[in-house]
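Dock chain one against chain two, each of which comes alone in its own frame, and use the hints as you go.
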Amino acid sequence: MSELAFFIDYSRCIGCRACVQACEECDTHRGQSMIHLETIERRDTVQTAPQMCMHCEDPVCARVCPADAIKQTPDGVTQSSLKPRCIGCANCVMACPFGVPKYEASIDQMMKCDYCFDRTSIGKKPMCATVCPSQALTFTTREEIERTRRGRPINEWRFGNEVVRTKVFVLVPPATTQVDVGLGDLVQIRAGKKASHVRPVAKDDVAALLEDLP
Amino acid sequence: MAKLPTSVPLLVDRFGPHTHTIPPGGWTSAEEPDRTVKTHCCFCGQQCGIQLKVKDNKVVGFEPWQDFPFNLGKLCPKGVKRYLQGDHPDRLLTPLERVQGEGFRRIDWNKALDRTAEAIRRIQQEHGHDAFAVLTGASLTNEKAYLMGKFARVALRTANIDYNGRLCMVSAAAASKKILGYDRAANPWSDIRKSKCILVAGANVAECAPITTEYLWSAREAGAKIIVLDPRMTPIARTVDLYIPVRSGGDIGIFNGMLHVMIERGWIDRDFIAKHTTGFEEVERAVRKYTPEYASKIAGVPASMIVRAAEMWGPAESSFLLHSRGIEHHTKGVENCMAAINLVVATGRIGREGSGYAMITGQGNGQGAREQGQKCDQLPGHRDIENPEHREHMANVWGVLESSIPHKGLSALEIFEAAHARKIRGMILLSFNPMVSLPDQRFIREAIERLEFFAVIDFFLSETARFADIVFPGSLMEEDEGTTTSAEGRVVHHRQVVDPPGEARQDWKIICDLATRLGPKDKFAFASPKEIFDELRQASRGGASDYYGITWEKIDEQKGVFWPCPELDHPGTPRLYEGGRFAHPDGKAHFQAVEWRPAAEEPDEEYPITLTSGRVVAHYLSGNQTRRIGALVKQTPQPYCEMHPRLAEKLSVAEGDFVRVESRRGSTTLRALIVKTIRPDHVFVPYHWPLERSVNNCTIRAIDPVSKIPEFKICAVRVAKAAPPSDDHVKLAPEAGGLR
Ligand code: SF4
Ligand code: SF4
Ligand code: SF4
Numbered sequence: 001m002s003e004l005a006f007f008i009d010y011s012r013c014i015g016c017r018a019c020v021q022a023c024e025e026c027d028t029h030r031g032q033s034m035i036h037l038e039t040i041e042r043r044d045t046v047q048t049a050p051q052m053c054m055h056c057e058d059p060v061c062a063r064v065c066p067a068d069a070i071k072q073t074p075d076g077v078t079q080s081s082l083k084p085r086c087i088g089c090a091n092c093v094m095a096c097p098f099g100v101p102k103y104e105a106s107i108d109q110m111m112k113c114d115y116c117f118d119r120t121s122i123g124k125k126p127m128c129a130t131v132c133p134s135q136a137l138t139f140t141t142r143e144e145i146e147r148t149r150r151g152r153p154i155n156e157w158r159f160g161n162e163v164v165r166t167k168v169f170v171l172v173p174p175a176t177t178q179v180d181v182g183l184g185d186l187v188q189i190r191a192g193k194k195a196s197h198v199r200p201v202a203k204d205d206v207a208a209l210l211e212d213l214p
Numbered sequence: 001m002a003k004l005p006t007s008v009p010l011l012v013d014r015f016g017p018h019t020h021t022i023p024p025g026g027w028t029s030a031e032e033p034d035r036t037v038k039t040h041c042c043f044c045g046q047q048c049g050i051q052l053k054v055k056d057n058k059v060v061g062f063e064p065w066q067d068f069p070f071n072l073g074k075l076c077p078k079g080v081k082r083y084l085q086g087d088h089p090d091r092l093l094t095p096l097e098r099v100q101g102e103g104f105r106r107i108d109w110n111k112a113l114d115r116t117a118e119a120i121r122r123i124q125q126e127h128g129h130d131a132f133a134v135l136t137g138a139s140l141t142n143e144k145a146y147l148m149g150k151f152a153r154v155a156l157r158t159a160n161i162d163y164n165g166r167l168c169m170v171s172a173a174a175a176s177k178k179i180l181g182y183d184r185a186a187n188p189w190s191d192i193r194k195s196k197c198i199l200v201a202g203a204n205v206a207e208c209a210p211i212t213t214e215y216l217w218s219a220r221e222a223g224a225k226i227i228v229l230d231p232r233m234t235p236i237a238r239t240v241d242l243y244i245p246v247r248s249g250g251d252i253g254i255f256n257g258m259l260h261v262m263i264e265r266g267w268i269d270r271d272f273i274a275k276h277t278t279g280f281e282e283v284e285r286a287v288r289k290y291t292p293e294y295a296s297k298i299a300g301v302p303a304s305m306i307v308r309a310a311e312m313w314g315p316a317e318s319s320f321l322l323h324s325r326g327i328e329h330h331t332k333g334v335e336n337c338m339a340a341i342n343l344v345v346a347t348g349r350i351g352r353e354g355s356g357y358a359m360i361t362g363q364g365n366g367q368g369a370r371e372q373g374q375k376c377d378q379l380p381g382h383r384d385i386e387n388p389e390h391r392e393h394m395a396n397v398w399g400v401l402e403s404s405i406p407h408k409g410l411s412a413l414e415i416f417e418a419a420h421a422r423k424i425r426g427m428i429l430l431s432f433n434p435m436v437s438l439p440d441q442r443f444i445r446e447a448i449e450r451l452e453f454f455a456v457i458d459f460f461l462s463e464t465a466r467f468a469d470i471v472f473p474g475s476l477m478e479e480d481e482g483t484t485t486s487a488e489g490r491v492v493h494h495r496q497v498v499d500p501p502g503e504a505r506q507d508w509k510i511i512c513d514l515a516t517r518l519g520p521k522d523k524f525a526f527a528s529p530k531e532i533f534d535e536l537r538q539a540s541r542g543g544a545s546d547y548y549g550i551t552w553e554k555i556d557e558q559k560g561v562f563w564p565c566p567e568l569d570h571p572g573t574p575r576l577y578e579g580g581r582f583a584h585p586d587g588k589a590h591f592q593a594v595e596w597r598p599a600a601e602e603p604d605e606e607y608p609i610t611l612t613s614g615r616v617v618a619h620y621l622s623g624n625q626t627r628r629i630g631a632l633v634k635q636t637p638q639p640y641c642e643m644h645p646r647l648a649e650k651l652s653v654a655e656g657d658f659v660r661v662e663s664r665r666g667s668t669t670l671r672a673l674i675v676k677t678i679r680p681d682h683v684f685v686p687y688h689w690p691l692e693r694s695v696n697n698c699t700i701r702a703i704d705p706v707s708k709i710p711e712f713k714i715c716a717v718r719v720a721k722a723a724p725p726s727d728d729h730v731k732l733a734p735e736a737g738g739l740r
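So the sequences go chain by chain: A and B.
Counted from 1, the first sequence has number 206 at position 206 by full-length UniProt numbering; the numbering is strictly sequential.
Counted from 1, the second sequence has number 183 at position 183 by full-length UniProt numbering; the numbering is strictly sequential.
Here chain B stands alone, though its shape is the one from the complex (with noise of 0.2 Å):
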């Protein structure tokens, strides 16, 4: 059973969140490196080229790459501190065992894949199939993406495999595959730069993409004008044209109401719409009543902004729609996200340099790693796994029978939903830590609890881990080599930096050698990642991410391949949808009609205020990684709770009071941040941390209907002063998840 072996300080004291502060060698080590490395950061979608230098097998520091052409050698805090997650003292290194009441010691490889395959077998015969789980990450390589998919409908046979891209990139590919026929951002990023209006809905891009922001800035020094929509003024909102504190959820006011307005004042390109797409006069019978009188009650700000905004974007000779999780964490989050894309077909201004759409993906991979077949709906190449067709290509790939693929499993919440309710019976856990990353952690935690059997590879004993039967100690980026897609669609190259320590291995090896022990030997009988990404290559072959034609040395010698790349001798493909060619078989784009509905809860009487949770910059997801790098937890130690001044005299709370953030399902106790810059009906806390300090005590757990993502943006809660907290875990550090 999936239990705490001990208590939480016990845990912490012996596996952390502990810092490490000082590199390998000290501080002053003036010695020369053995080797600098080009690779890339693995700490957010962005996939920064950096080098990173080596000494005796360990990682002792970086350089910049300068002529890597996405960040020309910038870097943002966790870039230039990723090097200190190697050569940590919390660094799993053997195979561990749970021992009720006392904690984990250490098993030998053999037996912990044994008893794993064991638990297996025993759980899938009982059960069946789906009672199995697995799930992953979008941190994870291509190469290990892929791998999963495969071990989990071909050795296990379960439906049930969906990852934790999931609580990240769904509602944008979802919305832009409807609308565009892709799940990938319409272009590079070299075309912001060159844009004369830019939309930027819902992205804390500071914090959340820095690099992103030098992109902004330079269309702006070009003349371009940028409009900012989010309830907190960001850092880069402080400086735009346009700055709109949109209440959270009520996006699709704006959306809908900035057509409303170009429509009628005729800035949109009614030739393109009729030439190119579909479904318009939908959308315009849809955005009729979106008056911005209408419009500014739903969205929360005055009308005058969303005219504003309408004649910004309206007639603009070119123009840039950036999007992510602050629009698309909603249980309508793709409709957000496809009213949102609406305004740029209805323009026409798509598919050209200058002019176009991103989603900003999160995840390390968060890109790659939903295209290679890990997402509980999808097959590799993004190929959908009910569609009879691409089911063959993948039985002919794997060389199993189409009529043993599974069909569509459940996605991430719903797999832990069904592990609650006794359906699911064990689980299988690479790259993903939804004891903080996921919404009502009280509920979360009662379905770990439920599991018969829990195993987890991680590199570093997670606050989900500590749950485990069974933890393998897997592999830190640097210690393997593949393949990421970063969020402009460009297939870059990590490369093995160093080894992995002590008997760690390399993720895909754990996985190929429990797959052995599960039955069909030889379609795992991989012998390097570079195979896999032969196999992954054809896989995805003829599907919409076509990564045929992309080999590691043409990434090399490119710095990077944007997919679709069909054949060997195809150069990839920066931008889509040149020349109003869209990716629906009619080769148009698709308008989706959009209306607003309210969130899956609203402030009420009783839980008046607006809760919103995000990220900081020095911290990536649930901090398994940052809350042990000393310099990071330095800048960002513990979470807060920001909220305005307003809101603050309300509640008779000063700067730096405690407060105790409460929904109907949880509660968090943290400090309050006292800033005129997020809307008074709202606050706010960052994500990183867990147990009493975990904002997912509050988050709600419900789903939009198509992607399956979790509201994080929105639920009702209440805020009042609290006494100084005195819970079990208030002692420990503020990176294990105390209070300063």
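With the rest of the complex left out, here is chain A (with noise of 0.2 Å):
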């Protein structure tokens, strides 16, 4: 039996929120979510976009860490930064190219996404990709990926010039290997956020739909 992964699907999302509620329910941060839900533009569209941790292979948030608080498991999961050792200096904030790590000034700490650990390291699936009810986030077999799904999953970005692997698919049109990141088509998810992934918005414009009544 191969691995179970995580692929996410953003154009299956339908913003529930279900994955940040639950999230917060995950017994080893209780009350703290580690998911951001981005709502792209709501003028403009309904779209949304889940943003977890993304497991890179060589995690830029480990690399920049003064403290070397972020540790990275032998399965390639990032963890949350080390209680004794994170200075909270938020250099970790700044460097993911995702915009995932989360400074909580309360506990002066950076906490995000481990996968679920106390989970999946006894083969359950994460909390988020379990109860998300369009399965947007989902947790399987790359084989079970390529038997029900159209997209292909990749795990490869470009960032500028970087080039950036990690643990988690996402799922995109046959045709594309890679994701670039930045270079015209792609948005900027909202102003202080890193860049992402999510296409433009198309046309969900209601009021042009209806412009050739008669």
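Take the hints with a grain of salt, since some may be wrong.
A few chain A residues that face chain B, going by a derived Cβ cut-off under 7 Å, partial list only [claimed, not checked]:
1. THR39
2. GLU41
3. ARG147
4. ASP205
5. LEU209
Hints in this document: simulated from the structure, not taken from any laboratory.
Backbone N, C-alpha and C define an ideal beta-carbon position, used for all residues, glycine too.
Put into structure tokens, the structure is as follows:
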């Protein structure tokens, strides 16, 4: 049996926030959600995009951490900062290309998604991917994805000259092999956030759809 | 008299809604739960399987139930946070009586029951049996729904029992019964996944039936084309193959227009129609004039969209129709649904894997609660209260004379109209919050205030319970055991998870105690909900919704049983109408010709904008439960008025400005949310909030002549930029009706 992996399909997301609410119920950080649900631009569209840690193969967040507080497990899970080490400098918050880590002022520490380590390490699915009603977030095998989805799972990102590979996959149209971020046709999620791979909104203007009314 | 005993802010201060944000034991409690109980979420008709974690007789959290077949562990935010309605600071723990000028004070259980029984007796003696009404809910278990019907007809002998399913499913039910014979989704949800063309009419699936989204997306991945009809581009509409921004009330234009094109191009199944249906000639005649151009004027969308829809639906190899409140909440709600179902029957694509039809039931037990005899026109088993054989069957089950069973009574809204006219003098209400959910709130309040006696059973002091003379503390779903029937027609088992707190009692015990005081003691001597279920099985036996062969054990073994299930060794019936056998005595489907007609109130010069109302994903119905759960309140704290930038520009309204939405009946002032995802001639306001923030101040008290559903989806309003409101309630927390 092949390994279970995390897949995100932004086109499925319905913005219900079950992932955000369920993340808060996960035993390791109960009361704190580690997922952001980005509303792209509510004026223009109902599109939303969940953003959890992508678990980079070579995580920038860990690289830039002056206190060496961010550790990666042998199976590639980049964990939240270690309590005694984190100095709350927020370097990781600035460096992460996906805008994932959050600096929690109340505990003076960086927190982020750690792949529901308490669950995935014992063969359970992460909380968010279990509950997600649309299965925009799904935790399953590669074969199952290939059998049931039209999109192609990729985990390679290009940020300018830098290529980042992640443990988490996103589903993209079949011809795509790499997501090129920040080169024209991709949008900034919102001011202050890092670039994202979400396509710009096409025609979600209902008035425009009605334009050729007799 | 049913009056507010003191000011709303004082009542809110004591009884909420306050938000409960932290689970019992705190967030960090790492202790192992005492047990984890498999049960179901109660916050919509999908009835997702969920496991609740219990510690010291309190629900402290949840764990997904991944092998329950309907949702496989999936949950929406309401399901995730539902456990926080337990151990709530607002929870009613003792019976209460109203003290005018002060509020409520504790009263002893026996006194509360005696006073209520006495009031019922007095009102019925002075004004007749029907002067006392019973109002119930579609969130109740099948057992309680059955008991309420028996309570009204055997203990009270009043014709006037109805339920809030009257605001939810009745149009779909009536249409489906007329054409197909049964009032139930024709297929299990698993058939959606196998369909090649899906028409979603007036169903905001993403927010009101979130789990259904995955069924739609699975079908899409397997090549299905999806068509969505909605005046708003809902989250599912954004990525489907064809989104039709139909104007509210224009749906018949789409359906009849599609059928017109399908007939013209030969995309109907003449063989099937000849063999398995009646009435197609009239339909064919009726749709003749619905050319795409004519239909487009009714629907308010380009004719090309209607043609495109017909091109997708007509020749499809398999197809599935889904509809819900968007086409049902109309004074022509039944006609809307019939026009839609005609499209299914005309293609013969029903009763097969991947082909069929489902209405998406909204309320927790929207399906089951309408089958067990708490509708004013039905006896258990979907039996007709005016049919002599059906009456005789129930007389035998209940051990009463057939002549003692009341005849058809008034529907929910009509009961309030009768109270307003002082024909109904007293009322007992369970699981219903009309002071949020009924249209024309000013009128509803007047009607309640005219009651001589008003008793409410609830676990929280709802906006409606504030008017009660006596309030009985009832039970949450997790504090009682019983069954519900999901949108699929699957009967599921809710296990008791914890005991009711304080002096609160299970609702069925309260009703039995009251019934016993009113006379027929032996008829309400139930020792458990299971005994009620066993009587329900007998009562439904031989009826359309036959539960006779369903036992709680079978439900647990099979993870749900679909009705009809007529014998103990019968596995249940997930898919209806197989082989073109319909549920009418002649075995055929009965086409119904439908002609479009306007809404009760169309926009005009004075009130030029169409108001439509609906739900958001974070809240359930009147919000009596979800406006008390911190995480859900945080997700959507208050209502708003959605409008298109073009309309906003015309009205000089900017994002976040206060706007006053005003109809001939009343108004609400809220903040504007300016979005391109709505028709420029419509505004939308979600309905879960009370007082000055209730969109139902504006909605119209007009009902469908057949189903008696109110027209929540269309009325005429004017909208204007407003100064920050300064009403008595604006400073309350948003969950209580304030505004931020
Ligand atoms: S996504 Fe951001 S937080 Fe996660 S591993 Fe990569 S750099 Fe670190
Ligand atoms: S739970 Fe799934 S559908 Fe809902 S917001 Fe999260 S990713 Fe989107
Ligand atoms: S509200 Fe409905 S969709 Fe959400 S978890 Fe409960 S039953 Fe499932």
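Each hint, compared with the structure:
| no. | hint | verdict |
| --- | --- | --- |
| 1 | THR39 | violated (11 Å) |
| 2 | GLU41 | violated (10 Å) |
| 3 | ARG147 | violated (10 Å) |
| 4 | ASP205 | holds (4 Å) |
| 5 | LEU209 | holds (6 Å) |
Hint compliance for this structure: hints 1, 2 and 3 are broken, all remaining hints hold.
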